[in-house]
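> The listed protein sequences derive, respectively, from chains A and B.
Each residue of the first sequence is one higher than the last, beginning at 1 in our numbering.
Each residue of the second sequence is one higher than the last, beginning at 1 in our numbering.
Treat the hints with care, as some may be off.
Chain copies aren't distinguished; within one or between two, either way the pair holds.
[As the list claims (entries may be wrong)] Using 25 Å as the maximum straight-line C-alpha spacing, the simulated SDA-like pairs for lysine to any residue come out as follows:
hint, residue 1, residue 2
1, Lys103, Thr240
2, Lys242, Glu399
3, Lys120, Gly86
4, Lys103, Ser332
5, Lys103, Gln232
6, Lys364, Ala389
7, Lys336, Ser49
8, Lys420, Ala82
9, Lys242, Val230
10, Lys103, Val500
11, Lys261, Asp118
12, Lys242, Ser109
13, Lys103, Asp362
14, Lys103, Thr496
Hints listed in this document are in silico derivations from the structure and should not be mistaken for laboratory results.
2 protein chains.
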Amino acid sequence: MSLQSFQAVNPASGQAFGAEYPENTHEEVRNAISRAASTKTSFAALTLSARSNLLEKIAAEVEQIRPQLVSIAQLETGLPEARINGEISRTIVQLQAFAAMVKTGVQLSATIDLADPDYKPVARPDIRKVNLPIGVVAVFGASNFPFAYSVIGGDSAAALAAGCPVVVKAHPSHPGTSELTYNAVQAALLATGLSADVFSMVQGRRPEITHWIALAPEVAAIGFTGSALVGQLLVELSQTRKVPIPVFAEMGSLNPVFVTKSALAERGTAIGEAIFDSATLGSGQFCTKPGLVFLGGDSDDFVNALRAKMNSVTAQPLLNKGIAERYNNAISELAKVDGVETIVGNLPHLGFVVQPTIFIVDYKTYTSNPEFAHEHFGPTTVVVKCDDADFMEIVSASEGQLTATLHLGSDELLPDLVMKMSSIAGRLILNGAPTGVSVTPAQNHGGPWPSSSTHTTSVGIDAIYRFLRPVAFQGFPDELLPPSLARSNPEGIERTTNGVRGLN
Amino acid sequence: MSLQSFQAVNPASGQAFGAEYPENTHEEVRNAISRAASTKTSFAALTLSARSNLLEKIAAEVEQIRPQLVSIAQLETGLPEARINGEISRTIVQLQAFAAMVKTGVQLSATIDLADPDYKPVARPDIRKVNLPIGVVAVFGASNFPFAYSVIGGDSAAALAAGCPVVVKAHPSHPGTSELTYNAVQAALLATGLSADVFSMVQGRRPEITHWIALAPEVAAIGFTGSALVGQLLVELSQTRKVPIPVFAEMGSLNPVFVTKSALAERGTAIGEAIFDSATLGSGQFCTKPGLVFLGGDSDDFVNALRAKMNSVTAQPLLNKGIAERYNNAISELAKVDGVETIVGNLPHLGFVVQPTIFIVDYKTYTSNPEFAHEHFGPTTVVVKCDDADFMEIVSASEGQLTATLHLGSDELLPDLVMKMSSIAGRLILNGAPTGVSVTPAQNHGGPWPSSSTHTTSVGIDAIYRFLRPVAFQGFPDELLPPSLARSNPEGIERTTNGVRGLN
């Protein structure tokens, strides 16, 4: 039994409120993981349609309690109702997209090479390969996406779609939202006749929980969205295990924006407004927030647009006290740098509300103060006045990024710069803003280290491949093969046989 | 300039011979890597047909010097001519398979989602995703595959096919073979008008070279086939870098074989002969050598077959002095265990020839002496007399394996055991032997830790995906897109547009 408990805190007031949530003990965490592990074989053996049904059913259960989810999430996160509603819809769409994918079997990459005595250089046996689930996946919920990257967000949906039992570490910033969501998943497991142990949740604020989960022998992979500090800790912990495991950590980034001289001349005001909105959207708490903006020419229109926007910005608290404190410390340090200009908001001091702050520096000040190139969660960005000609050098020196954005003049093409940008980021945006991650098959959310720990996406249906591993079966009869590889193809999935795709 | 050099050693005689090869210095290694890095952008931008042509041309150049390769490789490795010829053919087939794949563009996974203002939950922009090369790949040649997993073996071919420049660390057991092969690659680069720096090779015996390569900032990924000791070192080194990189290490395994009581009763002699051949093939120097054989019933026929085979075994030296010494030490330690029975060869002591040695133990002796469950390179295997009923427990306790083999009686089906086996190995073989890795699309060569460091295959065309990373382009015109994503589809590749595959 849990000895300690904690309450949620309302970011709008800074006050704790409501139910007491358990601070799970080491034993409880270990039990949750071993219960999940005990369902590994049976859950992996589920038919594709049964697994698809489960995902659909979870989506339906989440929809069913939408009003309750909206009201508790508003209190726990301080996010506006429209944003929460949109995020619940996105979470449902994600589950449905995986449900649709799972049914087709495409994720299994079933590949069959028939025995061929004349194969060169040597005769080959019958070999059939399929992607199998890797085992129990531990998911760490993110503070900034209480639905889409929390209890039944993208990582959990991808893991269940792959056939992996899930243990979720709920983010302590929204324990009630997490519990309600967990109950929805449990209702779906019950309704589809599956074991409750397929999906476990752990609550708590103590840092040891991260270690307990990352070091549990039954855990086969970790999905994480959050800070570089915790993401890198998870990667390190995974390497100290007897059996190291993959850690799929999306750790955020600065998402640099490059605006050429021509683009500034043509539409400096409009770009300034768009970047202001992107940098302050959701109080600047998105992984894809533009944290660095490089202006390659006359910056007056752009900066004036920022000032005008700052006058009309509305208050929205940060997600929790820790984020607010780290934001305030970072802002006051950066403001002290010689030669920095600031544009600061004037919002009421309520709960975890902070002042949106934009820093404007010249290129020399930027390059001589490396702290400007660190990510700061919250409504802030750094605008660097430089020259188009500096862009290649800036990109070449850049760390890995989730995104990189370029604004060009209408008659301008910079293919070399675009190619260079593609080597540092997972997604490039032309004449737009990096926030707003469309959930579609072509999406890629993940970039070179330190923005992510692997070259995989955590958004979109391709995220499923992180939790699958190929296994080849040589010389087996149908009775001993996974259905996806049996000659009878009982699930009617598309497979590649002797190099040809089809339903055979 | 290199200050030191070394000669090859003929395993048949144990004597050094022939040319002096450079022991490359730190500066030379760094230079080779930065030259490779300097070609990164231009090599990535090559058209698919040009890249495919390069692979075809390399294959042709290797074929051209086959007689010279056979003669030097025989002297340097002690492998028989037929094996060397077969391996050269396999190497050529691998290059051609990648050439064929590259031309189709399938490896790019080009995915296009057209802009859709009505997309739910929110309007979506035009997003196009493609797999791009990750950068310079360092390949460590294996001692036991002087062609197929050496200079232009599977890892190098996969990296070039992906569009990555390659730096190869040649295995010091076959420096002349490596140099000739390297020259063939250089001839192909010259003939196709590409920079010589796309492909560099480093020679040397000193262990520091491994560190220099693994820690070089320009290296983006490592492909390795070899011992667990060096493979795990590479994984550790990669984690100490400022930017950790993926290490694709295939580190070998015990490849357990399970023979049921019924199978032994039906065909104990034939299975014994097949397993003897598999365990001693190439002097037991294959990653997939069966190192542990569990007999679930009467073992007399099986063991008699081993004895008979041992009488006719022919001498083949091990690849180098280190391997021979480690083999002899391991064998003499295992022979000292109480209750162990041995079947030993009686070969002449010439060069690095060792005695094939089979250990036979009961289940209790096996479980109480963990050294029997360690991999030993060379012509040895451990036969454990147990009971069918022990198989589930043995598999459950097993570490990760490249392969696991099951021999069943003709009326027997053990689906639960097969499913459990699929959780510990990358390839399952029914009623066969684990050696002989067919190079086909359905092949999978790689298994759970510690047999491999990641859930990927190092054999077959899917090995290319290890060296690619997805990048999404949002809102770009054709002029700034990689050709594979342009609306005009200039290379005519198959792509997935709004979920539908086709040539559009």
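> State for each hint whether it applies.
Hint check results:
no. : hint            : verdict
1   : Lys103 x Thr240 : neither (37 Å within a copy, 42 Å between copies)
2   : Lys242 x Glu399 : between (31 Å within a copy, 10 Å between copies)
3   : Lys120 x Gly86  : between (56 Å within a copy, 10 Å between copies)
4   : Lys103 x Ser332 : neither (52 Å within a copy, 55 Å between copies)
5   : Lys103 x Gln232 : neither (35 Å within a copy, 38 Å between copies)
6   : Lys364 x Ala389 : within (14 Å within a copy, 73 Å between copies)
7   : Lys336 x Ser49  : neither (60 Å within a copy, 56 Å between copies)
8   : Lys420 x Ala82  : neither (37 Å within a copy, 47 Å between copies)
9   : Lys242 x Val230 : both (21 Å within a copy, 16 Å between copies)
10  : Lys103 x Val500 : both (21 Å within a copy, 16 Å between copies)
11  : Lys261 x Asp118 : neither (64 Å within a copy, 34 Å between copies)
12  : Lys242 x Ser109 : neither (30 Å within a copy, 35 Å between copies)
13  : Lys103 x Asp362 : neither (54 Å within a copy, 47 Å between copies)
14  : Lys103 x Thr496 : both (17 Å within a copy, 18 Å between copies)
Violated hints, in rising order: 1, 4, 5, 7, 8, 11, 12 and 13; the structure is consistent with all others.
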